[in-house]
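A.B. asks: Spelled out, the chains give:
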Amino acid sequence: MKKFIRSVQSTLGLEEFDQESKKKALKVLLKKLSSRKKGIHASLKTVGSKKEENELKEELEIVKLQIKKGKKILYKLYAKK
Amino acid sequence: MLKKIFLPTIFAILAYGFWISPDFKTISAGVAIFLFGMISLEEGFRSFSGGALERVLQKSTDKLYKSISFGFVTTAIMQSSSLVSVLTISFIGAGLIGLAQGIGIILGANIGTTTGAWLMAGFGLKVKISAYAMPMLVFGMILIFQKSKGIKGFGYILTGLGFLFLGIHYMKEGFEAFKSTVDLASFAVDGFRGLMLFIGIGIVATVIMQSSHATIVLILAALAAGQITYENALALTIGANIGTTITAIIGSLSSNIDGKRLAAAHFIFNVITAVIAVLIIRQIEYGVDMISQSLGIANDNHTLKLAVFDSLFKVMGVIIFIPFVDKLVYFLESRLKESHTKKMPSSDHAKYLNESSLEIPATALAAIKRETIHLYDNAFEIIAHGLNLKRSNIVSDRDLDEVVAEPYTQSAVDIDTFYNRKIKGIYGEIIDFSTKAQSQMSPGYIEVLYHLKLANRDIVEAVKDTKHLQKNLDKYTKSDNEHIRKQYNMIRRDLAELLRTIDRAGRSEEEDTVMVLLSKAKLHTEKYDIIANGTLDNLIRHNLVTIEMATSLMNDSTYAYGISKNLIAMAEIIFTERSSEADSLSEEMAITDEDIDVILEKGQ
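Protein sequence lines, in the order shown, are assigned to chains A and B. Position 68 of the first sequence, counting from 1, maps to 169 under the working numbering, and the rest follow consecutively. Position 265 of the second sequence, counting from 1, maps to 328 under the working numbering, and the rest follow consecutively.
There is no bait here: all hints are sound.
What the simulated footprint calls covered on chain B by chain A, stretch by stretch (three residues with Cβ under 8 Å from a Cβ of chain A suffice, anywhere in the stretch; the number is not a length): (1) 567-575; (2) 579-588; (3) 648-657.
It should be emphasised that the hints constitute simulated quantities derived from the structure, not laboratory data. Since this is a predicted model, take the numbers as computed values, not measurements. We put the beta carbon where it would ideally sit given N, CA and C, even for glycine.
The following block holds chain B by itself, in its conformation from the complex (with noise of 0.2 Å):
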């Protein structure tokens, strides 16, 4: 009901305004102007958020001070603390950061808001910007014409600027103009109430723009020309900052519970910090008084003065805080709880994957291939069980020829029910996600979706290939023939051995690491394949093995041939980089099935 009269309300309200006054006008069509700025650099910004994302994240996020360094860096640098926050709210959601590391990027960001200020009160009130916004403008969409996503994107940010340069030129007009009709600051409230009145308007007021930048930008637009007194501005200050944490909120409610303990802590810093600087409203504007003086701001320099108040209050209610983050998420963690009504407690779900991940296309194949490492994790438990071998001996040190001799289970394992509880639903939801995700992508980012689809299908065939080969592999590694109980051991062997190489090359960083030790499978693969290799035809013309062994034994030398190509298949996609500068470069250097001959021959 509320959403329904929300925006004809605002509509109805803006164009009384246009009716009775151009320069409200004027000041109105700075802040679209400002704002459509903010979404173009919101979309250039989101073309870099690709590429080497998680390594970034995972070194600049580790320690604390780190994590509000780099949300203070990128909040500076993109001058948007909700893109911000949402941001973090899908790397959370995508399982890239952990929540404390989240909220330090929230703390960092509260912060970098602040520059905001400090550009708007120290340079763009002062010199006539839109001289600057013309050619960026001009370059900028230059480059958004061009192929290239990076150059695309810095297209984006140089218009997004230019935009944000050309919405303050209009504000700053539209005030200058507004002063000689109507003068706003006879309006003002003094005192307590008029503290929490203007406290009210900024809330209300980045509510609607659905930025604080933007409220504190026409705050200081409007101080510059008069229009409201700075104790006013002070309190719409401190009112823009809890109006903020709503885009928080809003971005939440499609994350998963992380993200929405994330959105609490935003909620819960800036409230908190905003009722501790209205109790000592008056110190902290001694305190405004004493740095400005210190820096040589004049004391009747109101909009510098406003940019001091709205650092020293934010990086004041980051040091209070920093001693309480472990608290902080202690408190959300017992508090806010996952809802497992709708979920089966004995079948295991997707981790990572969640609607807020699927606003960054980077964001959503790191989700995507996060998930896909858990599906293959789920799958290596259940192929290592359908070879009748521990998990823990296969990604050992242990000689593989011990591991086999000492089998998991007297009875084989029921790969039906592990195969429903542990590969089904994850598989058909990370299908759904990707489907969801792909109406957002361009062809680049599609093309690595299709990549992960492929490595998805390679892991669920591999099971049930496993389910095939077991049947046989546990009844002939019992027999009394040694001969096809050589063999079996044999495929159990091979199959560890390359479970073992796929896990090390899923911990190893070096790239040159892993394509090596795909190769070296690939070539082991095609090196014992029993049929290939003439080892079958031999047992065969020997009469060593019955008919009825040696047809199984072709059958299920298939299934391992077929579970050793897929399993490298899907190891090539999720452990090589598909989506840095190096794009498609593993893939390139890949050796064949030809090389792979090329090798064997030279070898016999």
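Just chain A, same shape as in the assembly (with noise of 0.2 Å):
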């Protein structure tokens, strides 16, 4: 009963069906998170003091750590798959 169970399972592909969602949104996230990056290189060119220039540096450095985090999450799915 436990194998047909398991083969029906296998066949209709319901053992990945929550890690497909997770990554579904993670890769929305990890793209919102890109733009903003380019976003803030691009407001890094035009900025105008010194304090705002260190705060967008500060964002980068988020952005890119989450980016970072939010990647390794990714392989980490894909690797179980």
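Using the hints, put the two chains back together into the complex; each one sits in its own frame.
C.D. replies: Shown next as structure tokens:
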């Protein structure tokens, strides 16, 4: 019976149902973070004060870190598959 | 008293019926299986009521026509207006939608129930429906044993449909066999007396079965077997439409005032529609004949004609009611008012927590989340006053140095009084509600609830820390020593900036914006911690402050640091999506203390 249930699961692709939706959400988030990163780079070229520049640099570091973390989670999800 | 004799009477009637007629037993078993199918179907759909519930509701119910469409589609899919009514009441109770939107959903749900009659009359009675039931039950049961919540829910839906089909099959068989022994049609009553009698029977049958859908399926099965006349079937359908409001009324008893208003609206709508239908029954029958003719339905096909009648009479009711929805909302709001007898008028109380939301874990969580935001809103006000700042200035775009320079009041606000009035009661209600909600939750939901409880604790801790901070803050911001004054104003400025950032994160709908804003707040907290960054050492070393001032500053910066940490932790819980498919994603991607150290090192 268990074998039958498992074969039905794998035929219908039910095991990866949760992972797939997480991957999808993560990809959307990474895309948004990447476009934010580009936006910060563009702002850095036209920045006025030093204070503003430092703030943008800090934000850039945060975004880079989050992209790195997101990619790591995504690789793990693909590795599981 | 009535309750005590109701159930034994039903049992006695059924037992007597089973004893004298095996066919009645088959019909009753069919109804029981059908109702069990509805329970299973409802269970399945409840699994899907979580996730992006709020967003879906807000997008699908912001206009009346959208609310009606939402009610129609959800009822047509779930085949249960009772479930839609109870869900709508719990949505209103949790503050996810307003009364006008709720009435729209109920109007749509009324039309949605007609799809059941069409399915039964057009498909259920014509094919051997039990042939579809068996595979559905087998596949459904396999899916129920799966771990994934979504797949399990789908399994319940499939099993529910299987039982519905099986129930219909037994009802059909029962009535067919019944025909050979007893002719129920001989009990038919003509004229106005018959109309009123069968409306009454329809009401009673629906109240007992708690499902107008089951009543209509039963009517169709009896009609198809020729056991009731077409005229009496029409009256039973009208009765079923009144009886169904009882489910909503029972559901609303534990709801807040808006839930009760919605149940009243449902009752008023269905009763008025029924009265109109009785008054113009001949005209409606004529209209049914015309529509049936144009659809190619034979004149003697009473089951399909009943489906036409059901649709015509319900659509007519909705069309008549649409122009009066606003007036109905006004009428209900002015007639049904919240009782304030138990509550202290000076104290703030929970807005979104009521028993009706407890039924669905996702709605209960949504209600707790909203209440937590309500609690934070009050805490924001207290913290702002504790810092001697104006709340409106904090959330504005004004320069924060200017905001800090403009005190809210000359004398310190009593935080204890504010805490007792605006925090303590709501916090207690949230904890009490969470404990009740937890008993009906799966481990996944309990995990989310646990985080929400943590967020509440963070808010309360932040308010308590503000109280400790306030005493010296008030004293030293008026001090002659410019160094200590500057440090305390820095604390005020940093906390104001944090409150502003959290406010922006709360208003943002973009997940990446919320993540970045809160990460920046975390970084800011560590960067400007005056103990960690050496400011305090510097002040002491250069004798710029007294020992007493230094001690106070050290303690108070610890309180300020605690407030920041608690508020950020709270914001990460309530302003990031925890119940979506991106479950725990924000948590996994949030920057840690080590990450902050790396960024700070790079900046130096």
